[in-house]
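Engineer: For what it's worth, our numbering labels the leading residue of the sequence shown as 45, then goes sequentially.
It cannot be assumed that every hint is accurate.
[Unchecked claim] Calculated cross-link-like contacts (lysine to any residue; reagent style SDA-like; alpha-carbon spacing at most 20 Å):
| no. | residue 1 | residue 2 |
| --- | --- | --- |
| 1 | Lys-237 | Trp-257 |
| 2 | Lys-59 | Ile-116 |
| 3 | Lys-231 | Glu-114 |
| 4 | Lys-59 | His-69 |
| 5 | Lys-205 | Lys-237 |
| 6 | Lys-49 | His-69 |
| 7 | Lys-231 | Thr-215 |
| 8 | Lys-231 | Lys-59 |
| 9 | Lys-148 | Ala-213 |
| 10 | Lys-205 | Phe-156 |
| 11 | Lys-188 | Leu-62 |
| 12 | Lys-231 | Gln-140 |
| 13 | Lys-260 | His-243 |
| 14 | Lys-227 | Thr-212 |
| 15 | Lys-148 | Glu-221 |
| 16 | Lys-231 | Leu-62 |
| 17 | Lys-209 | Leu-250 |
| 18 | Lys-237 | Glu-114 |
| 19 | Lys-209 | Lys-231 |
| 20 | Lys-209 | Asp-91 |
| 21 | Lys-237 | His-252 |
| 22 | Lys-227 | Lys-59 |
| 23 | Lys-148 | Asp-91 |
| 24 | Lys-209 | Thr-127 |
FYI, nobody ran anything at the bench for these hints, they're computed from the structure.
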Amino acid sequence: MDFDKITGLTITFVKETLAHAEAGHDWFHIERVYKTALNINTQENGDLLTVALAALLHDIADSKFNDGDEEIGPRTAAAFLDTLGIPAGVILHVQQIIRNMSYKASLSGPNFSSREMDIVQDADRLDAIGAIGIARAFTYGGYKNRIMYDPAIPSNPNQSKEAYKNSTAPTINHFYEKLLLLKDLMKTSAGRKLADERHQFMQLYLEHFYAEWDGK
Numbered sequence: 045m046d047f048d049k050i051t052g053l054t055i056t057f058v059k060e061t062l063a064h065a066e067a068g069h070d071w072f073h074i075e076r077v078y079k080t081a082l083n084i085n086t087q088e089n090g091d092l093l094t095v096a097l098a099a100l101l102h103d104i105a106d107s108k109f110n111d112g113d114e115e116i117g118p119r120t121a122a123a124f125l126d127t128l129g130i131p132a133g134v135i136l137h138v139q140q141i142i143r144n145m146s147y148k149a150s151l152s153g154p155n156f157s158s159r160e161m162d163i164v165q166d167a168d169r170l171d172a173i174g175a176i177g178i179a180r181a182f183t184y185g186g187y188k189n190r191i192m193y194d195p196a197i198p199s200n201p202n203q204s205k206e207a208y209k210n211s212t213a214p215t216i217n218h219f220y221e222k223l224l225l226l227k228d229l230m231k232t233s234a235g236r237k238l239a240d241e242r243h244q245f246m247q248l249y250l251e252h253f254y255a256e257w258d259g260k
């Protein structure tokens, strides 16, 4: 089966599976990450099939929407890829990327690394910052019924994995606890270049947010 056939079937599977997903983690998020990962890969020369499949399947069953089950994503991805006859080594690689690429996973230390993971992880993190990252943050905050901002609740950028997973802090705190930290965590040169502009946009947004909050 050729690359286009494999990715086409995978796209169909992802679209159907995520048809009713929260808007920040829906097919359009996957599509953006997929396109960005392919773009970064033109400069980083990772294995194209692994990059494509990991990007398409990285949020196929996000643990935060599945009672905290951190293995449901890798399991779901492997079961699907097995039906396509994907080689076992590629499936295992895709599983490891899905298992280890999230920000919360990084809080417990690196457990796996590869060029392909760097590419897909950077693409996913780029979608968490900038204009779309801001929109996604407030979309998820609304989904969880969180307040936008409370000056009396300080942010905590040095959280453990468990504290991060269980946080119910205002959405603005999320900027300091994750989003503004991502620029310096980019692994690829293309990712770092794209992250810099998006990071600056978030900083400008926060300046305006606080000014408007204070009635200025």
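Engineer: All hints are to be evaluated individually against the structure, with a verdict given for each.
Structural biologist: Outcome of the hint check:
no.	hint	result
1	Lys-237 with Trp-257	31 Å, violated
2	Lys-59 with Ile-116	17 Å, holds
3	Lys-231 with Glu-114	23 Å, violated
4	Lys-59 with His-69	11 Å, holds
5	Lys-205 with Lys-237	28 Å, violated
6	Lys-49 with His-69	24 Å, violated
7	Lys-231 with Thr-215	26 Å, violated
8	Lys-231 with Lys-59	28 Å, violated
9	Lys-148 with Ala-213	15 Å, holds
10	Lys-205 with Phe-156	17 Å, holds
11	Lys-188 with Leu-62	18 Å, holds
12	Lys-231 with Gln-140	17 Å, holds
13	Lys-260 with His-243	24 Å, violated
14	Lys-227 with Thr-212	24 Å, violated
15	Lys-148 with Glu-221	11 Å, holds
16	Lys-231 with Leu-62	28 Å, violated
17	Lys-209 with Leu-250	24 Å, violated
18	Lys-237 with Glu-114	31 Å, violated
19	Lys-209 with Lys-231	23 Å, violated
20	Lys-209 with Asp-91	31 Å, violated
21	Lys-237 with His-252	24 Å, violated
22	Lys-227 with Lys-59	29 Å, violated
23	Lys-148 with Asp-91	25 Å, violated
24	Lys-209 with Thr-127	32 Å, violated
Hint compliance for this structure: hints 1, 3, 5, 6, 7, 8, 13, 14, 16, 17, 18, 19, 20, 21, 22, 23 and 24 are not met, and every other hint is.
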